[in-house]
Each structure stands twice: as structure tokens, then as C-alpha cells.
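Since the structure of chain A is provided, determine the placement of chain B on it from the hints.
Note that the protein sequences, when read in sequence, are chains A and B. Note that the working numbering has the first sequence beginning at 1, numbered continuously upward. Note that the working numbering has the second sequence beginning at 1, numbered continuously upward.
I should point out that these hints are in silico values taken from the structure, not numbers from a laboratory. Keep in mind that a hint or two might mislead.
[To be verified] In the DMTMM-like style, the derived pairs of lysine to aspartate or glutamate whose C-alpha atoms are separated by at most 25 Å in a straight line are:
| hint | chain 1 | residue 1 | chain 2 | residue 2 |
| --- | --- | --- | --- | --- |
| 1 | A | Lys616 | A | Asp442 |
| 2 | A | Lys414 | B | Glu26 |
| 3 | A | Lys58 | A | Glu15 |
| 4 | B | Lys151 | A | Glu72 |
| 5 | B | Lys84 | B | Glu41 |
| 6 | B | Lys98 | A | Glu33 |
| 7 | B | Lys84 | B | Asp111 |
| 8 | A | Lys414 | A | Glu609 |
| 9 | A | Lys414 | A | Asp441 |
| 10 | A | Lys92 | A | Glu150 |
| 11 | A | Lys414 | A | Glu496 |
| 12 | A | Lys523 | A | Glu609 |
| 13 | B | Lys151 | B | Glu95 |
| 14 | B | Lys151 | A | Glu54 |
| 15 | A | Lys414 | B | Glu281 |
| 16 | B | Lys151 | A | Glu55 |
| 17 | A | Lys414 | B | Glu282 |
| 18 | B | Lys151 | A | Glu304 |
| 19 | B | Lys151 | A | Glu65 |
| 20 | A | Lys543 | A | Glu458 |
| 21 | B | Lys84 | B | Asp288 |
| 22 | A | Lys414 | B | Asp256 |
| 23 | A | Lys414 | B | Asp288 |
| 24 | B | Lys84 | B | Asp286 |
| 25 | B | Lys98 | A | Glu304 |
| 26 | B | Lys98 | B | Glu170 |
| 27 | B | Lys151 | A | Glu193 |
| 28 | A | Lys523 | A | Glu386 |
| 29 | A | Lys414 | B | Glu41 |
| 30 | B | Lys98 | A | Glu65 |
| 31 | A | Lys260 | A | Glu157 |
| 32 | B | Lys84 | A | Asp441 |
| 33 | B | Lys84 | A | Asp442 |
| 34 | A | Lys414 | B | Asp286 |
| 35 | B | Lys151 | A | Glu33 |
[What the hints assert, rightly or not] One-sided excerpt, in silico: chain B residues whose CB lies under 7 Å from chain A:
| hint | residue |
| --- | --- |
| 36 | Ala116 |
| 37 | Thr150 |
| 38 | Phe258 |
| 39 | Leu279 |
Note that beta-carbon positions come from the ideal geometry of N, C-alpha and C, so glycine has one too.
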Amino acid sequence: MRDGLAAAQEQYGFERLGPIVAYYLHDLDGILERLVTQRGGQALFVSRGGLLIEEALKAYRASVEAPPRPAEAPFYVSRFLAAKGAWTRAPKQALAVLDRELRSGTAQAYLRRLDPGVDLKIADTRVFRSFSEFMEANGPYQSACRQHLEAQSALFERYFADLAGDRRLSVLVDTGWQGTIQSLLSHAFPDQEFWGANFGRSGPDIDPRIAGRLLGLGFSANSYDARRPLSAFTHHRHLIEALFEPVGESIERLQELDGKVAPIGAEAFSSGRLRPSEPALFDGVLRYLRQTAAALSYAALVREKNHAAERLADDILFPSRETAHLLGSLTRSVDFGSRQLVPVLLDPAQAADPAQPALNPEERIRRALWTQGQIALECRPAIARERQQALLPKKGPVATELPAKGPWNPAAPKVAIIMRTMDRLIFLHRAFESVARQSFDDYVLVIFNDGGDAAAVESELRNSRLDRRKVILLDGIENRGMEAASNAAIRHVNSEYIVIHDDDDSWIANFLATTVDYLDRNKRAAGVVTHAIHVEEEISGDKIVTRQRSPYNEQLRSIQIGELLVGNSYPPISFLFRRSHYDQVGGFNENLPVLGDWDFNLKLAARAEIGVIPEKLANYHFRVSRGDGAYDNSIVGGADLHRRFNAVVRGSLVSDEALKPLAGAIAVAPLLHQLKTLMRVQLSRNTTTSPAPAVLAPGAEDRQGPGGAMYDYPAISSRIDDRLRYNLLSRKRGLRLTWIPKNMCSTLKLSFAVAEGVVAREIVDDFRAHPWWIHNWMSPLEPRNPLDLGHPHSVAVIREPRSRLKSALVEKALYAEDADFNRIVAPLLESYAHYVPRAAEDLTVADLLKALRWYPDHALDPHWQAQSGFLSGRYETLLPMNDPERVSAYFAGHGIDLITVDHHAVSRAIGEPFTLSSQDTVYAARKAMGGQMRPVEFSTELEQRIAELVSDRFASDVALWERVQAG
Amino acid sequence: MSASLAPTARVVSAEPAEFAAAAYPEPAPSAFGAFERSYYEGGPRPADTVDAAALEHLTGRLREAEYAYLSLDVFDTLLLRNSKCESRRFWEIAERWKALLPRSFRAISRDDLYAARLRAAEIAYSCGPILNSTQEGRLDSLVGVTLALTKLPSDLQAQFISAELAYEGENTLSNPLILSLVSAHRQAGGRIVLLSDMYMSASEIYRLLCAHGIGDVPDRLFTSAETTVNKRTGTIFGPVARALGVDAAAIFHVGDSFQSDFFMPRFHGWAAQHLPIPLHEERLRDGDLRAFRDTVTGFER
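If we strip away everything but chain A, and leave its shape as in the complex, we get (with noise of 0.2 Å):
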């Protein structure tokens, strides 16, 4: 009588495994019979789980009464045994398995591994990188592992000669992945054909001598693809393992017993002992192949089979806690010398073991071997559905049966790609190479000849390997204006999305379908931005040629009106858009020689959200300028032009509807560039100093600090970006603000006031008031102020490696109440990733997330906790945020830095109280509570200072400042 748990795995062998496996082992036999019995060759079936599909296969022949196929027969032998059978004849290959699997290590622990029977002292304690490395350095031990080596490569060739006999081909049946065994063997007997007819076929390394031989025939998947459900056993491929895996410990040594070659432990699986290690599960497997699959025609029992793999699919990537307890219980063990289970699923109740290591839920999830399973344990429902879902591919688990697309139509592209350009043939060719590799091919390219010579543009055409059909070309016979002729070009086609493809710069191929694909999933958004590469080139002579590529925009992770107030902040090259929006807009403002992107995406941006793909899609190209501007960017050949018309967009804007609110915020703007000015000065003054370019780079200037000192301002000034970028998106959604480093205070003022365009004059009461801000702005990545740990608000904020504090960030966010807020938060808290530099790798997940927390006193109280939920229970040291001593003690353990946060200066700036709770319930909380806050006072001699300082130098900002608000 099998228990609960043991009964209803028998049952999901039954129902959902059994058709599957159904299937497998029809079409194995078919194999078999094509390969085995018509070309005379063997089948093995691989231990340890080619010896449990042996057996299923023989149920499945005796309910389906087809005769038992003669050249079958068991084949003992492991990844481990396969790489020592394999030294002698194929040696390359047999050390590359070997340094896979065994790794670093001494020569103690090699030679234990290769031979548990090895009876050495060994008084080396070196450790070795790899295998290689050891067997490299000549000596007693190496010698006696070539020895054992050479030995079970000799036995082994034996063993295969009396398995194979006088065949030529082998098939080798096993669970799956990779076919390693079957690539050694490939390498090591070159006169035989090796096949492989596994379950499943996956993983990125498949030896190409045996790719087209290597067949999955249960699914061949790397990663989940929805029009194939069982491609879903990539993210649990140990269901399978543990399905077929038997009793008892992987074949890794042979030896010679009455002159004939035996396996050590074959015996645990001969006939009568060969038991699963899941028996339940594979008991409801075998219920089903002699119940119900003999039944089945082939058509039948394909439609049985993708019945189940859908339910299957939906099990393991979207488990509820009872599948995950259903299918998690299983093990399963690990080989190549050695001995351990591993769960596949790790208890959320070992925390409360102190005989187990802790681990917090996040290191579980990471450490599982089913992550989706892992998480259905460790989240509620709503939240666990929401992180199995970020598990796969954009498109998530829904197959459409149908074609995505029908037939291509002209008259209404997805995309029109509208092309300006003017005597710059030497671009062209590679802007149409652009179009033309793109992976989307629903679009339509416009090219405007803006008064250049139409007939040179046409003979470029025909050079291309554009699809003619879906090019048109326009000749504007006279110049009118890079805005008017965008205009003119998109009147002619009738899309639903619209990107402008300046002539002298590219994408990468799959830029239209990863942003296509954005836009049809975000309705709300009117555009989308990505990443890009700057391109710094030159020409020469009728050549392009590249100098130098770096990352474009990397930090960008949201568009907010205010930043884009401040500059443009994307390249047309890497921006798609409705023209749905475009329409609203008004289309580009003819009457701009340049800027004209600046002032369309203002206005867009103003009417909708624009959204970001952080993916370098877009190649920006720039040159660098020879003097003669004939083949300058705007930006760098119209320099004039743009001063001159940064001012007359900002006056445009104001008479714009959706931006008229922000009049005040237009105003502010430059006034934001100014203090980034003066931040990138000072920071200049720290930076180690390299030799100005004889010729400066376009942009190049923006990163020349006083005396030609070079500094990384882009990056530095995208950081500071980020965090106004996240202020301004809690805010903007009615969300109060989680955390502000001390020294982003002033930051986050000056972005309210740009955004929101209703605090713009007390910003300047403020800078006159209390000038330090600036001098705490201009130095984010240096925080100078002492920490404040004495302050009942602090907040610690980790110096961590990125990808580290992003999971416990990531964390954070899921554990907390909200869904809303953590949708905020998450990203908001991400960010903060990019501003921390590398250091304290050993800090685990724990400590981020204890340092992270702010805890108010009385979160401390162990009835408040349990009322409230905090935390969940889930930690066991809560530190009291205003005891300086202890805290200071135990993050100083851990190498942890803190920066504190002046609360007060928010409160007063966004005019309301302001939290630094990281949960709104704990905010909640505290207020009902009646928790003060107080007022921190910046008043140390260096800081008036600065402040003095810093105050002079905006004295005549304030003052234009004034002037514009007298009108």
C-alpha cells in the first residue's frame, strides 16, 4: 500500500509521464527496428538509465505483443568509465571529459576518484586547476593515474569487442543529454557507427562527429520553445533522470575476473534486482504501457502524447506547491567518483534545522534543481507565477497553432523605416545592409532623397540586397530639411510602427523583431528605446573606418520627460514608435534644422510612456570631424545650430499642449545641465588624467575635464541619471519613495521640480538656502559625510558585486506586500546595482537583504513581526538601526559600507512626509504608531564651505533664473 505522496506520483506516472513515455518507446522501437534489426547493427542500453528504458521497452513490446528484438543488451558504462575507456585510443577527448567533471583538485582527491581502491600516501598537498594541470607535472602519482588509465582503457576495449562482436553499428539508448558517452566512443572505435536514441537531446556542446546521430526522441531543445512542450524537461530534466535512474551506483571501473571483463556494481542491476529509485512514478508508467498504450494507434498516440506534454509543460514551469511537492521530492544522485543524492528541490524548512546550513529563500531557489519548482515553495501564488513566468522567453507557454503571420502586405507594413539622405553615398550601402539583414521582415523603407543625386542613390539601390519590393524611393528634387523630409517619406506608407534610419547608421539583425515585439506586447507604450554602440569612425578616402566602439546609453533603463528636458538621451537609430502617436504629435517640427528628434521625442514622451530594451541593437556612428564637414554629424557639424535651436525648442515646447504643465520644468532644465557641468568638474579633479586627442571625438569634449583631464562622464552621469530616473517613476505613479542615499537628496529635488514643474522657484530658494545639496550631488560616488549610523532613519546600502545585490534586490521586492509598489521598486532598487562597485565577495544573500532593510525600533518587537508579517519570519537577526555601535560592528564584519539618507530634506522638498521604509505596511505601521521623523542638520565647516563656494557659482543661474520667471 504506497502512501499519499506515493500513490498520486503512481497516478502522475500514469497520466501525464506514461503517454509521453508511450510515445519515446514507440518511436524507439521504430528506430530500432530500422537501425538494430534492418542494418544488423546492436542495441545497448546505457546504465544506469538505458537499463530502466529496457525494461519499459519490453512492457511496452509485451502489451503492443511485438517480439523482442535480438542485439539488445545492457551496456555498463558511465560518462567517468566511457573517458577512461577512451584514454588510450582517444586521449584529446577523454582529458577534456575528464577536466569537465573533475576540476580542480589535489592529486589525493584525483587519484580517489579515479580509483577508490588506490592505496597511496600521498604527501602532495598541491592543488591543481584542472586535471590536465596535474597530469602535466611528471611524477609517482601522475604515474600511477596514467597506469590506472591505460589499464581500464585496455579492459575496456575488451568489453565493447565482446558486446559488439562482428557489428559495425551500435545504438546507444540512454536517458540523454549531450551524448558524451557516445562521442568518445565515436572517437576511440572510428570503425563503428554510433548512434544515440535518447529521451531528450540538449545542451550547447554536442560534439559535431556525432550531432547527426544523435537523436531526441522524447524532445531536442536547449531551452523551452512553446510550439514544443516537452522541450519544458530543460528546466526539470531530473524528472526524467529520476524516472528511469535504478538502483544502485554508477559503473565507473571494469576488472577482470576468470579471464573475463566485468563491470564493478553491474550486479545491483542484474535480472530480479533491478529495482527504480523512484518506483511510484515509474510503476504509473508501466500501469499505463500495459493498460491503455496497446490500445493506441501511432495517430492516436501521438495526440495522447501531446495532450499530456501540454499538461506536462504547465507542471513544471508553472508548478503550484503540490506539484512542486509531487515532483521535488525526488533525488537524484551524482557520478563520476562520487557517492551523494542530491535533492532536486531544497526544504524551506531546514532553516529551522541548525544542524543545516541557512539558507534564505533566494539561495534555495538559485541552488535548486528545478528553479520553477523552488520557487512555487518559497512565494505565494500570485508572486511565484509572476517569477516562473520571467523564467521563459518573452512569449511565455501559449502555442499558437496557427502561422504568426500570413503572406506579407504592401499596403500595410508593420514597420515603415524611413531612410533621409543627401550625396552621402559612401553610407548607404551599409544602411541598406542594415534593412536588408534585418530578422523581421514586415517593413517597408522609404528612402528620401532630400536633394542629392537620385540616380547615384538608385545605382546604390541595385547594388543591395534589398527585397525590391519592399523599397521606396523618393527623390525630393530640392533640400528641404531633415524633419520635412521624414514627414514627406512617411506619408507614403501606411504602418502601424515608424522608426527614422539615419543614412549613416545601422542595427543589428534582430533590432525590428525584438522591438517589434515590445510595442505589440506594451499597448501603453508609444515607443520603445534601445541600447546602442557608439561608433567612432573616419573616413577615409572611400573607406569607413571604425576607431573605437563603446557602449551607448548602457544605463538607460526608463524615458523620463525631465532627463529628456535636459538633452536628448537616444538616437533615432535605436527608437521605434506608433504612428498612432506621431499622428498626435503633429509629426516632426518642420521648421528645425536640427534638434528635431529632441523636439519629437519630447513630445511624445509627454503624451505616453516610451519604453526600453537595455540591448545594444543600434549602432550610433559617429565621425570624427575633419574640419570640412562633408561628412559630419549634425551634432558635431551644426554645433552652432544646435545652441542656437536648444533654446528655441525649449520655447516651442511650452506652447505644446501636454508639456505646457511643465513650463516651469522647460525652464529649470538648463539649469540641471549646468549643475551636471559643475559635477563632471569636480569629479574631474579625481580622475587620473590622460592626454587630450589631437582631434577631439565628437561627444569627446563632453569627457575633457580642465587641463585636458579624461574622465568616464558618460557612465558617471548616466548613474546619476538612473537615480533621478527612479525618483522620478515612484513618484510619478503615487508610490511613496523606498530609499535616498544622503547625498541624493538634492538630486531627487531637482528632478521632482524638472518633472513636475510646480517646485521649480522653491529649488531655487533652496539652492540659495541650503547650497550643500550641491555640493552632496556633485559627489554621489563620493560620499564624504560621515556616516550617520546614530540616525533612527538610516539605511544601509551595500557595496556589492552587481549580479549579487540584484537577486537580493530582486528578493526584496517580492517578499514585501505590494505587488504595485514591487513592480517599482524592483527595478528602482536594481539600479542602485550599478552604482555599488565590486568588492566583499563572500557577503551572502542574507546579508544583503538584512543590511538592505531599514528596520524601525519596533520592527524589532517579535509581536509586531508576527502581526505585520515582517520578513516573513524569515530572518533571525533584526539589527536596531540606531544602536551606532552594533550596527557599525556587525556591517564593518562583513566589509560593508553605509550611507545614510537625510529623509528631512525629501519631506520638505516633495512637501509632505516622506518614508524610508522599504514596505508601504511598514510605513503603515510606524505611522499608526506615531513614528517622528527628525530633522537632520548639515552643518559641518567643510560643507559651509562648499556650500559658499558653490553658491557663487550659481549666483548668475539664479539670476536668469529670476529674469525668465519676470517673463
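Chain B in isolation, oriented as in the chain A frame:
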């Protein structure tokens, strides 16, 4: 205050008068791409008449240089398929296979054969992409695996292949436009090579051509099923040019697939002409596929 820190922008509303936009006439599209667009968007063409305008364009292209070879795609270029979608073709072929089964195997249905054929293609394809995306399935292999999956005797293989070729013959027509182009090229002393990304071998395609009475068209015939290189990835063009003993620039290729018959050959230095399947024909096939999937379900995946 240093000059570099001086404010440079002010809010102003007036735009400089010299930049006020002028009124311009709407530009008209050039003739570039007109042939491809009209060929694609034009309505149905009678199968027994030559599109004179198309022939003029194609022969004009052929005269642009001295091409030693006219290279042609086979399916949907030299041979025009009808409006049945691929799934329906396989379904109908399965029906013919069913008719060939000996009495003792009558329990095997058309559904079984159709499902097995899809599965056989999947198995063959699953081995393919690893080899630089160049390995294609082969008809004899597809049929062989289909027989194995349905537990049918392998001696049915030749009959199944013949049945499929007969079906293909009945469901294709030779393209009079391309045959006229072939004649023109032959008269000018040129030769013809056929290139097909297809699971059929050269001899199977040749049988099909003979069935249409155009076995004399090709001087050479290359198919991805035998060469393990193909047009789709461009791997076939270099080897074929070498096999023909001519420079890449001496070959003019015509075919219906933008990727396989235009983009890739151009990349490898061949001249090429894209002759797309007309839109109305694509719509018919798309409609047929949707209709087919409304009636036959549960097999694919």
C-alpha cells in the same frame, strides 16, 4: 564665473525667420522595384500563358552581362505548385500511401501515416541544425523512418516514394515564363543549372521534371538533400560555382525565396532575381492552411 559654466540656454518662443518651413510638392516614387512589386501584387496569371512584361524584364536582366549559367530554383519557380498548403499535401500523400498498404496492414490509418511522416521529418530535422544548419532530410530517409514508426515493412519504401513523386507531379505545373527564359538563355548559348533546397534527391527531382516533359531543361542539378549544403544558409553557392567551373559573377539565379534565392546568392557574388510567389497565391495557401488546421488537429508539436 568661468566661461564654461555660463548658462547657455534660455527659454524663448520665437523661431529664427530664416528657418521657417517652406511648402514643397509631394515627391513621386521612382521606378525602382516596380517589377518585383507588380509581380508580387498582380492578380492571378493564367498557367498556360507567358507574362510578357515579366519575360521582358527577366531577359533584360539576363542581358546585363554574359552569364554562362542561368540558375533556377525548382519548386515555385520552374515548377509552380498549386494552392494547397504543405500540410494538406502531406495529408493527401498519406492517403495515397494508405491505399498502397497490403491487407494485413489495413489497420494503419491515414492519420497514422500522416502523424508518422511529420514525426519522421522532425527526427530528421532534429539531427540537422547541428551541422551548421545545412543538413536536410531526404525523402528516402523520411519514408524509411515513417515506415519504421508505423511498423510497416521496409519494402514499401520504393512504392511510397513513387506515390509521393506522382502526387507532386499532379500538383505542380511547369512555369511557361521560366521555360521561355530558359529558351532565350539557351539560344544565347547559355546553360542551365537547377538548385533546390528540398528533401528530394536529384534523381527524384529529375523524374518529376520528366513527368512534366521538361527533363531536358537542366544541364546540372543540385539538391540540398544530397549535398548537405543549401541555399537558405548560402553554403551551396560557392561549391556549385566551383563544380560548374565558372566565376560566381557568371551565374544568374532566379527563385521565389528572398532569403535563399536573392539575399544569399548576392552575398556570394552571384547575380540574382527575386521572383516572389504572388500575393494572391500566398493568400490562397494561407487560407488553405487555416482551413486544413480547422479540420485536422492534434498532430503537430
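Now for the hints, and whether the structure bears them out:
| no. | hint | in the structure |
| --- | --- | --- |
| 1 | A:Lys616 <-> A:Asp442 | holds, 22 Å |
| 2 | A:Lys414 <-> B:Glu26 | holds, 23 Å |
| 3 | A:Lys58 <-> A:Glu15 | holds, 20 Å |
| 4 | B:Lys151 <-> A:Glu72 | holds, 18 Å |
| 5 | B:Lys84 <-> B:Glu41 | holds, 20 Å |
| 6 | B:Lys98 <-> A:Glu33 | holds, 21 Å |
| 7 | B:Lys84 <-> B:Asp111 | holds, 18 Å |
| 8 | A:Lys414 <-> A:Glu609 | holds, 20 Å |
| 9 | A:Lys414 <-> A:Asp441 | holds, 9 Å |
| 10 | A:Lys92 <-> A:Glu150 | holds, 14 Å |
| 11 | A:Lys414 <-> A:Glu496 | holds, 5 Å |
| 12 | A:Lys523 <-> A:Glu609 | holds, 10 Å |
| 13 | B:Lys151 <-> B:Glu95 | holds, 17 Å |
| 14 | B:Lys151 <-> A:Glu54 | holds, 19 Å |
| 15 | A:Lys414 <-> B:Glu281 | holds, 21 Å |
| 16 | B:Lys151 <-> A:Glu55 | holds, 21 Å |
| 17 | A:Lys414 <-> B:Glu282 | holds, 18 Å |
| 18 | B:Lys151 <-> A:Glu304 | holds, 19 Å |
| 19 | B:Lys151 <-> A:Glu65 | holds, 12 Å |
| 20 | A:Lys543 <-> A:Glu458 | holds, 20 Å |
| 21 | B:Lys84 <-> B:Asp288 | holds, 6 Å |
| 22 | A:Lys414 <-> B:Asp256 | holds, 22 Å |
| 23 | A:Lys414 <-> B:Asp288 | holds, 24 Å |
| 24 | B:Lys84 <-> B:Asp286 | holds, 9 Å |
| 25 | B:Lys98 <-> A:Glu304 | holds, 22 Å |
| 26 | B:Lys98 <-> B:Glu170 | holds, 18 Å |
| 27 | B:Lys151 <-> A:Glu193 | holds, 24 Å |
| 28 | A:Lys523 <-> A:Glu386 | holds, 19 Å |
| 29 | A:Lys414 <-> B:Glu41 | holds, 17 Å |
| 30 | B:Lys98 <-> A:Glu65 | holds, 23 Å |
| 31 | A:Lys260 <-> A:Glu157 | holds, 12 Å |
| 32 | B:Lys84 <-> A:Asp441 | holds, 24 Å |
| 33 | B:Lys84 <-> A:Asp442 | holds, 24 Å |
| 34 | A:Lys414 <-> B:Asp286 | holds, 18 Å |
| 35 | B:Lys151 <-> A:Glu33 | holds, 8 Å |
| 36 | Ala116 | holds, 6 Å |
| 37 | Thr150 | holds, 6 Å |
| 38 | Phe258 | holds, 5 Å |
| 39 | Leu279 | holds, 6 Å |
Figure legend: structure checked against the earlier numbered hints; every hint is met.
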